[in-house]
Amino acid sequence: MKRIVLTPVIEGYADDYLTDLRALRKKPEEQLVGLRDQLPGAYYDYVDVIIQNYEDIIKAKPDEMRNNIANLFRVVTARVDLKYPHTLQVLKDDGTVSRETKKFYQWVTEALGYDDVQEKVFPKYVKKMGIKSCVYCNAQYAVAAKKGSTGKGKSFRSTYTIDHFFPKSDYPYLATSFFNLYPACSTCNQMKSKKDPLFELYVKPIDPAVLRNPFVFRLDKHSFVKYSMSGRAEDLVVKLESRNGLPVGAVDADAYEQYFHVEKLYANYCDNVEEVIWKYRMYNKAGRQALMDGFADVLPHKSDWNRFILGNYDQEKDLLKRPLAKLVQDVAKQLGIL
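Per the working numbering, the very first residue in the sequence shown carries number 706; after that it's consecutive.
These are calculated hints, taken from the structure and not from any lab test.
Just so you know, not all the hints are guaranteed correct.
As the list claims (entries may be wrong) - FRET-style restraints, in silico, Cβ to Cβ: (1) LYS931 / ASN772: 47 to 55 Å; (2) GLY835 / ASN773: 27 to 35 Å; (3) ARG771 / LYS969: 27 to 35 Å; (4) LYS969 / ALA783: 36 to 44 Å; (5) ALA783 / TRP983: 56 to 64 Å.
The beta carbon of each residue, even a glycine, is placed where N, CA and C say it ideally should be.
Modelling step: build the complete structure from the supplied sequences, incorporating the hints.
Shown next, in the form of structure tokens:
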């Protein structure tokens, strides 16, 4: 819901990410060569285009994925069936060779090392960008427990759940492209599935500031009055609205709601809205200042106090660090706490 500005620092992460991919034990470029040499005709050509342009593909910014990189594959994509099954030889870790059958796009995704990217490489950069929550809904963490095996048997580990802006089943060559990987909760990942992409995570520095945070949660005033009389949290209603000043052609809140059903999801968080209202009523300006003065040695910064009072981050730059940060910030601003 909050976009990331494509600064030189973020672009530098893509450079470092490429270096990390090339340091993997199963090097993607070598895996691609092994895959290519087992494939016939147009399928050989498709993988060869990836090999010849690997660095550009991995580091491609959103506009480049849509234009330059897409143009590289326009002809060869028309000549292959991405879902056609191929039976190929696979070298196992123990040195044995087996034959396996997978769809073509699955072979490409595997050769690019997507599993290693999801579990070992990309999480480092997600953390550097301060992302913990789903970039689409901000209602849940973008992590899941995944079963894995160890020498002592089965175990579970936490890993980021990743959505592809351009689906890997249709654009397998972008399966590990840095700017095509979006940390997302399982719900939004399934909701988006293979639908046409709607929300782009990255904006250019020259884009209007409103595009960085294009939506706002508004506490419905009528529901607030109703809640004040009933005391029932379920009477509280929050709506997703577009910010003023969105440029023509930008995705508005109605389209976003139809795509991700955010308001329906947030109807389950009325108790969180209620808690913001409690804090609005309990912590007036004088009360907050008294607390800050009395415990300045514990929490020296105003943002720390806001975070303590709200139970969440108070700065727009930190929206993706914790679920419901946007809801809490928007309602707190509407009530005058922030």
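To see whether the hints hold, each was checked on the structure:
1. LYS931 / ASN772: 47 to 55 Å: 51 Å, holds
2. GLY835 / ASN773: 27 to 35 Å: Cβ of GLY835 to Cβ of ASN773: about 29 Å, so the range 27 to 35 Å holds.
3. ARG771 / LYS969: 27 to 35 Å: 30 Å Cβ-Cβ, so the 27 to 35 Å window holds.
4. LYS969 / ALA783: 36 to 44 Å: 39 Å, holds
5. ALA783 / TRP983: 56 to 64 Å: 60 Å, holds
The structure shown violates none of the earlier numbered hints.
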